[in-house]
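Residue numbers (this note's numbering), protein chains in the order written: chain L, 32 to 141; chain H, 236 to 355.
These are computed hints drawn from the structure, not numbers from a lab.
All the pointers check out, no bait thrown in.
Straight-line C-alpha distance at most 25 Å; calculated SDA-like pairs for lysine to any residue:
| id | chain 1 | residue 1 | chain 2 | residue 2 |
| --- | --- | --- | --- | --- |
| 1 | L | K48 | L | T104 |
| 2 | L | K77 | H | V240 |
| 3 | H | K278 | L | T139 |
| 4 | L | K77 | H | G243 |
| 5 | H | K300 | L | S128 |
| 6 | L | K77 | H | S265 |
| 7 | H | K300 | H | E281 |
| 8 | L | K77 | H | I263 |
| 9 | L | K77 | H | Q347 |
| 10 | L | K77 | H | S287 |
| 11 | H | K278 | L | T104 |
| 12 | L | K77 | H | N312 |
| 13 | H | K278 | H | T304 |
| 14 | L | K77 | H | L350 |
| 15 | L | K77 | H | G244 |
| 16 | L | K48 | L | F94 |
| 17 | H | K278 | L | G113 |
| 18 | L | K77 | H | S306 |
| 19 | H | K278 | H | P249 |
| 20 | L | K85 | H | N288 |
| 21 | H | K278 | H | L253 |
| 22 | L | K77 | H | F262 |
| 23 | L | K77 | H | T336 |
| 24 | L | K85 | L | S54 |
| 25 | L | K77 | L | P45 |
| 26 | L | K48 | H | G279 |
| 27 | L | K77 | H | V237 |
| 28 | H | K278 | H | R254 |
| 29 | L | K77 | L | E137 |
| 30 | H | K278 | L | Y64 |
| 31 | L | K85 | H | Q238 |
| 32 | L | K77 | H | F267 |
| 33 | L | K48 | L | R86 |
| 34 | H | K300 | H | L340 |
| 35 | H | K278 | L | V41 |
| 36 | H | K300 | H | E324 |
| 37 | L | K77 | H | S256 |
| 38 | L | K85 | H | L338 |
| 39 | L | K48 | L | K85 |
| 40 | L | K48 | L | S102 |
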Amino acid sequence: QSVLTQPPSVSAAPGQKVTISCSGSSSNIGNNYVSWYQQLPGTAPKLLIYENYKRPSGIPDRFSGSKSGTSATLGITGLQTGDEADYFCATWDSSLSGVVFGGGTELTVL
Amino acid sequence: QVQLVESGGDVVQPGRSLRLSCAASGFIFSGFGMHWFRQAPGKGLEWVTVISNDGSNAYYADSVKGRFTISRDNSQNTLSLEMNSLRTEDTAIYYCAKDLTTLTLAFDLWGQGTLVTVSS
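So here's chain L without its partners, still in its complex pose (with noise of 0.2 Å):
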């Protein structure tokens, strides 16, 4: 069972829109940054998001994050196939003192 819950699934049409929702409390995302991951198959996760809503350089501004109390939310425009991987979201956990993850939530891009 992950501190932060994501849903399992979600999926779009290509060039559609599609968001992914992470929710905890104020123990992790109510007060510290999340970051996002994308892991395609086989692959190490890559980042995507981090401080909520800021963009690695090299990654599109297709990709965007925000947060508000104690939930975050991906969000993904102009969907490729290529986007079809696993997406998990992150944070520190005050109380653990420690980093907790989603669950993870697949992406399907029909």
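Starting from the known structure of chain L, fit chain H onto it as the hints suggest.
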């Protein structure tokens, strides 16, 4: 070339020990906190441990506290994970990763992973 390369994964029996290594190159290793993560087959990501850039502080997940020890050698640009009293539930791909900055808890560089299988 900026990269992290893990090694040391193996098949071991429950109760035995194993040491993983992560070789860093292409960046100032001593300037960044470093983490170990793991991913059991078909499961999500789990954080294991972190060590500060100078090695003075470390934190561990409850699931490995007292059994695993993280260390680093900044002169050799190497991160290590000593794993003792291994359990079947420790079976996973283990990744090392670096912090984006000293002030930002986000992991911008990951290794390719090394597989640890704990089985009798």
